[in-house]
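Produce the complete structure using the sequences and hints provided.
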Amino acid sequence: MAGYDFDFDPFQLEACAALDAGHGVLVAAPTGSGKTVVGEYACHAALAEGRRCFYTTPIKALSHQKYHDLVARHGAGSVGLLTGDVSVNGDAPLVVMTTEVLRNMLYADSRSLDALGHVVLDEVHYLSDRFRGAVWEEVILGLAPSVQIVSLSATVSNAEEFGQWLDTVRGHVDVIVWERRPVPLQQHVMAGREIHDLFDGDHRVNPRLVQLARDEARQMRDDSRRPRGRSGRGRRRVAYGSGRFGGGASGEYVARHSRRGSPTPSRSAVVVALQRAGLLPAICFVFSRSGCDAAVRQLVRSGIRLTSREEAAELERIARRRGAGLDGDDRRALGWDGFVEALRRGVAAHHAGLLPVLKEIVEEAFTRGLLKVVFATETLALGINMPARTVVLERLVKYNGQTHADITPGEYTQLTGRAGRRGIDTQGHAVVLWQPGMDPRAVAGLASTRTYPLRSSFAPNYNMAVNLVHGVGRARARALLEQSFAQFQTDRRVVELSRRDDDVTEQIGRAWAEAACDRGDIAEYARMRERVGGLEKEISRTRRRDRRAEIDDSLERLAPGDLCWSHGERHDGWILVVAPGGRGPDGPGPLVMTAGHRLVRLRARDVAAPLVATSRVRVPRRFDRHSAADRRALARSFDARTAELDERPRAASAPRPDAELTAEVERLRAGLAGHPCHDCPDRELHARAAERALRLERSVAGAGRRAGEARSSIAARFDRICAVLDSLGYLDPGHPDEITPAGALLSRIYGELDLVIAEAVRAGALADLPVPALAAVLSTLVHEPRPGSGRPARRMPDEASENAQRALRDVWRRVGLVERDNRVERSRPLDMGFAEPVFEWARGAGLAEVLDGAELTAGDFVRWTRQVIDLADQLANAPGVGALGPAGLVASCRGVVGALRRDIVDVDRSGLG
74 MAGYDFDFDP
84 FQLEACAALD
94 AGHGVLVAAP
104 TGSGKTVVGE
114 YACHAALAEG
124 RRCFYTTPIK
134 ALSHQKYHDL
144 VARHGAGSVG
154 LLTGDVSVNG
164 DAPLVVMTTE
174 VLRNMLYADS
184 RSLDALGHVV
194 LDEVHYLSDR
204 FRGAVWEEVI
214 LGLAPSVQIV
224 SLSATVSNAE
234 EFGQWLDTVR
244 GHVDVIVWER
254 RPVPLQQHVM
264 AGREIHDLFD
274 GDHRVNPRLV
284 QLARDEARQM
294 RDDSRRPRGR
304 SGRGRRRVAY
314 GSGRFGGGAS
324 GEYVARHSRR
334 GSPTPSRSAV
344 VVALQRAGLL
354 PAICFVFSRS
364 GCDAAVRQLV
374 RSGIRLTSRE
384 EAAELERIAR
394 RRGAGLDGDD
404 RRALGWDGFV
414 EALRRGVAAH
424 HAGLLPVLKE
434 IVEEAFTRGL
444 LKVVFATETL
454 ALGINMPART
464 VVLERLVKYN
474 GQTHADITPG
484 EYTQLTGRAG
494 RRGIDTQGHA
504 VVLWQPGMDP
514 RAVAGLASTR
524 TYPLRSSFAP
534 NYNMAVNLVH
544 GVGRARARAL
554 LEQSFAQFQT
564 DRRVVELSRR
574 DDDVTEQIGR
584 AWAEAACDRG
594 DIAEYARMRE
604 RVGGLEKEIS
614 RTRRRDRRAE
624 IDDSLERLAP
634 GDLCWSHGER
644 HDGWILVVAP
654 GGRGPDGPGP
664 LVMTAGHRLV
674 RLRARDVAAP
684 LVATSRVRVP
694 RRFDRHSAAD
704 RRALARSFDA
714 RTAELDERPR
724 AASAPRPDAE
734 LTAEVERLRA
744 GLAGHPCHDC
754 PDRELHARAA
764 ERALRLERSV
774 AGAGRRAGEA
784 RSSIAARFDR
794 ICAVLDSLGY
804 LDPGHPDEIT
814 PAGALLSRIY
824 GELDLVIAEA
834 VRAGALADLP
844 VPALAAVLST
854 LVHEPRPGSG
864 RPARRMPDEA
874 SENAQRALRD
884 VWRRVGLVER
894 DNRVERSRPL
904 DMGFAEPVFE
914 WARGAGLAEV
924 LDGAELTAGD
934 FVRWTRQVID
944 LADQLANAPG
954 VGALGPAGLV
964 ASCRGVVGAL
974 RRDIVDVDRS
984 GLG
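Counting from 74, one number per residue, gives the positions in the sequence shown under our numbering.
Bear in mind the hints are in silico, worked out from the structure with no lab data behind them. Where hints are given, some of them may not hold.
[To be verified] Beta-carbon label-pair distances, calculated as ranges:
1) G244 - D187: 15 to 23 Å
2) R896 - G961: 35 to 43 Å
3) R859 - G917: 22 to 30 Å
4) E857 - R896: 23 to 31 Å
5) G265 - G244: 54 to 62 Å
6) G442 - E825: 36 to 44 Å
7) G917 - A701: 30 to 38 Å
Please read these numbers as outputs of a predicted model, since none were measured by experiment. The C-beta atom is built at its ideal place from N, Cα and C for all residues, glycine as well.
Here it is in structure tokens:
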């Protein structure tokens, strides 16, 4: 306890004692309760034993923060930092790293794992993250049995289940759950200029808030509480979350329809009220990057100043010190003067779109108590230690990439967990802003619910498969995957399914008794009828599926300038492809110009037959779909070319029905006609009862099949992935426990499109590219657009990158066909959205030039550039690239790393300034 300015809570003492006893621990406790004390004790224990300790975190910012904490406690010589693009003192006894770095070490059988005694998995609840969660389970399953694991989690409602799994796969893991917040939380709702308690003295919903909701409802038409279209008319279906937390109708709309105006407070009113109530510093969560930046601008324009003269001067000194590496052009591109002016007033934004150096300035200023209000997205709640006295939630509904959805009780708990500073505040405060249509009882229910189950997102992928096969062999790998938390949770659900079978079995017996026929075996007759119906549906499905696959493939092959005839009800006639369309949830969707000169997204459902390019029309490289002049010019070229072509081409013939299935249907129909039950006068009455019995039998069989599949679902997916790898030559079919040289290459490529990248190397798709063009092409393999980020890019920056991208798309399609044949979910499509910015940066352009006209923040630019650097570095160092790939690719990839890693991309790469 030496060195800490507070007494340890019982859960911290219990966890440290468990580590002393040689056990692993799972500590589930609220945000800000001091879980990291247990991780720091593991570091102390490792040093005392002369062993190593790895402290892993889910995000680089948290790794940097923890590195600073441990350096302050143990000295720079004893602590290292590894985050993929940063390597500081990696051989130190204590190393802070992102969880992916440790996973990569395990697969590489790194010597750094020698003498490893402890591993801290901070924020282990990240394993429920559907994109990255599998990494945590890979680490837990892959670490040597002698390593003590310290798992630190937010409060989850199934901690015992997770702990039971940890104990099963690791042995001797103690589960320690602590639900008491270190600082009590007071819940509020702010309406108008007044901050109300959410609960009264008897812990019931504050009657004043209930009355406010009733008054609002009386003063407005009932449907004004619901989401509406731009005109304010007609939208009856709630599309803004559940509707319980309001916000569907705009504040302006409510103000027009209410005698007293909207009770939703403005941002400046919120800050003024918090300042008067002594509730600063505060974090205001706004579920939008642009919303955070706009909020800062609004406060600056309102003239609010929250700092003293001395605090403003110190804030400017922090900015000057942290931003010393930024030159004048970078500062102008970043809006540096506006950032510093807001900072001096005690206001800032914090989100993933900010440049890392700006986020570091905000984090230091806030943790030192100089910054009074930070407008942040929810990413700030995911581990960075920035506690405040108050947390403000502007809305309780957020866009999740597909729709507006209510935040969950777990998310509410995570966000409000930042309220209350241990050792400073006697009470933390959570303030929800009133929104039109809000039900305060729903808010109270959200604030009172403590259900936050941890759900595994684990699923095998290609890189994992080759590494496991190489490390332990295929059979052992399969068995290892069946030990995952995902399989553990699935097996528990299987037991619940089997309990329902007994009741259904009795119903089946009664149905067969009712169906009995004195002329023959009604069960046999009913099964023949069922078989005929099933085969006919299968024939129809097969033809539809084959036709859809043909249409999808034809849409994917289309390139800008292709002229085709579309057969279909919606678009029947000539179409001109303006831009290709990547595969999304609805399949490929190229942008086309129709014969009526409309620009539309063409989907498989819009056409009746595969499209074949019969001619070409030049589409300008910088064609702007929003420019009327550009559209008219292209329409003239379109009409001129179609006037030269023949009349409507014939559509491709529909796929022929399967001959074997058709013959089987005919044989069964003949059998039905000759069956004794066929001429029974009560045939249909008997058949209906028999169909009911068969339906119930299918239900039981389906439940049994699902249970069987569930028991081996992870292993079955692994088998399908291995089948893909067998087909493409990454595993050795003759030696199931060995990987090929191509498999060794794939084992060192980490990314969502790992297999496509490896196939691109082998196919020569990345050959003979200048450094800027190679950087642009690599970006299409890592970049993913943000939801609602605008129109997709249509072209690559130059001819070399365009040709390479075309070859890369062919590779992606070939991989997709193999995946389809083996029932593996298709790899996500390539995205050209970052190609132009990274191309220009590789050519030496400055930040202002790169960002000019791009729908891109500086922070996103740096983040995606570093992802391209990481991929180029992987390819430069992966085994076999020189032998399996084109000559010169290694040198070109190193050239990409050198060209991109400069100036703003490199200035704060260490995060140690």
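A quick look at each hint next to the structure:
1. Checked against the hint of 15 to 23 Å, the pair G244 and D187 passes, with Cβ atoms roughly 21 Å apart.
2. Checked against the given bound of 35 to 43 Å, the beta carbons of R896 and G961, roughly 38 Å apart, stay inside it.
3. In this structure, R859 and G917 meet the distance hint of 22 to 30 Å, their C-beta atoms being roughly 27 Å apart.
4. Between E857 and R896 the beta carbons are some 24 Å apart, a value that agrees with the proposed interval 23 to 31 Å.
5. A hinted range of 54 to 62 Å holds for the C-beta pair G265 and G244, which are about 58 Å apart.
6. G442 and E825 have their C-beta atoms about 41 Å apart, which keeps the hinted 36 to 44 Å range intact.
7. Between G917 and A701 the Cβ separation comes to about 36 Å, which falls inside the hinted range of 30 to 38 Å.
The structure is consistent with each of the numbered hints, conforming to all of them.
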